[in-house]
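For the sequence shown, position 37 (counting from the first letter as 1) is numbered 36 according to numbering that gives the first Met the number 0, and the numbering increases by one without interruption.
Bear in mind the hints are in silico, worked out from the structure with no lab data behind them.
Bear in mind the structure is a predicted one, so any value in this text is a computation, not a measurement.
Be careful, since some hints might not be right.
Claimed, not checked - Cβ pair distances, simulated, as ranges:
1. R407 <-> A131: 35 to 45 Å
2. E393 <-> L140: 54 to 64 Å
3. Y206 <-> G128: 41 to 51 Å
4. A454 <-> G288: 30 to 40 Å
5. S278 <-> K224: 26 to 36 Å
6. E393 <-> V233: 12 to 22 Å
Each residue gets a CB set at the ideal place from its N, CA and C atoms; glycine is no exception.
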Amino acid sequence: MALRLSSKRLYAAIASPRTAVVSSQCRCYASSASAAVASSNLPGAVKESITRESSLHSPDPSESSQTARLVNDQLPFMVPTYVRPPPMFQKGEGCYLWDVENRKYLDFTAGIAVNALGHCDPEMAKLLGHQAQTLVHTSNLYHNPWTGTLSKLLVEKTLASGGMQTASKAFICNSGSEANEAAIKFARKVGKVVDPSGAKYEFVSFYNSFHGRTMGSLSATPNPKYQKPFSPMVPGFKYGTYNHIEGLKDLVTDKTCGVIVEPIQGEGGVNVATPEFLSALRQRCNEVGAVLIYDEIQCGLSRTGRLWAHGALPAESHPDILTTAKALGNGFPIGATIVNEAVATKIVTGDHGTTFGGNPLGSRVAHYVLTRLSDPELQKSVLEKEKVFRKHFEALQKRFPDVVTEFRGNGLILGLQLTQDPTPVVTAARERGLLVITCGTNTLRFVPPLIISEAEIEAGMEILGDSMSAVFHQPVEVEGTKGQQETQ
């Protein structure tokens, strides 16, 4: 530790002040710093440490850093459900984050597809402050001006967008998992009404899906890593193969009350459902009287260039229930379950509820965010930015033909499939000033803020290329794969 401190002081003494820049400018700076170190009489280990740090825009904080002191002070009081990388972020603006060491990072993760309008949107910040001084919470025992206003906007925008043409009502909650829990309960209730014997209770979901961590949504997430520690799951759940039309007849039966599917699987690897599969799934649900649920918690709210990822499908392929969250609050926790009239008429007072869901503060924020995200110009720009990403993916595939096998997704929910574990790439990118996450098996996931500029995409992809070169051409540059957090 003393050696590390000494090297950092010496590094500061012999090198000129570093500015928050990336890529080619960093390399020029690194070159001059490295030359100065090489000609010094410092011990070899110190030289190696200085040279490495001078080549990186945002080297992970050391064990003697202010960040480490804060983390070590807090960790003993936190349930160890996460493994986080070393940086601690304290400020955000637009598509950038700053850590407590004042290092700047370009964010291709958007809080896992949450901060669609970027970090600390100015108008949202003003609105939060105003509403916080007006009314924050009353509970659902009473009316407030914003729960119903948001519900109305969700239904109206959905209908106008070409998505879910039977949308009728909305239930406002606090998160994606809660939105899916409501959907599962609503489907079970419909099954009870349709068949009072109780035989229509089974629920279908698909492999590689992710629907949440509460017991109902977890039971619909057939991943042993998530399910095994908490087994047994809620009874009645069955799992099928995504995009496998031939298996639907045996999978979805007269006992099935509900089917939940992501039009684009996010955590599972950015896998896109084919229109034919979703159409066949809708048809099979009609045949057996099952409720069809589209989980658009990650892929919805204009991330694909349409308000809803299923919006390009014909109306006869639309769901009975649509769930959303993540981007709906742009960082403020809120979710919604949109239902058609056939479902709504089966739900009565007392069937479901929430203490915080639909509070005036959250609902007003979501009303603003939804208005912004439903803007046709924003949606058009998402498709243009997708082209920029794909251009760079093609270049990376040519540059690393043995590593990059394919890329997939729509809009700004994209996946780059690798043949190797991408975690070292995540580490290398972070230490060069770019945040990117993984999903599925060996997949890099790209879910940046929808407001990201083409210039920012260009800068980020240059960093990614440098990072992949460091990992796959010069693997010794990457010291470790510290703290790749769990995907969602």
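Hints and how they fare:
no.: 1; hint: R407 <-> A131: 35 to 45 Å; result: holds, 41 Å
no.: 2; hint: E393 <-> L140: 54 to 64 Å; result: holds, 56 Å
no.: 3; hint: Y206 <-> G128: 41 to 51 Å; result: holds, 45 Å
no.: 4; hint: A454 <-> G288: 30 to 40 Å; result: violated, 52 Å
no.: 5; hint: S278 <-> K224: 26 to 36 Å; result: holds, 31 Å
no.: 6; hint: E393 <-> V233: 12 to 22 Å; result: violated, 44 Å
Of the hints listed earlier, those the structure fails to meet are numbers 4 and 6, in rising order.
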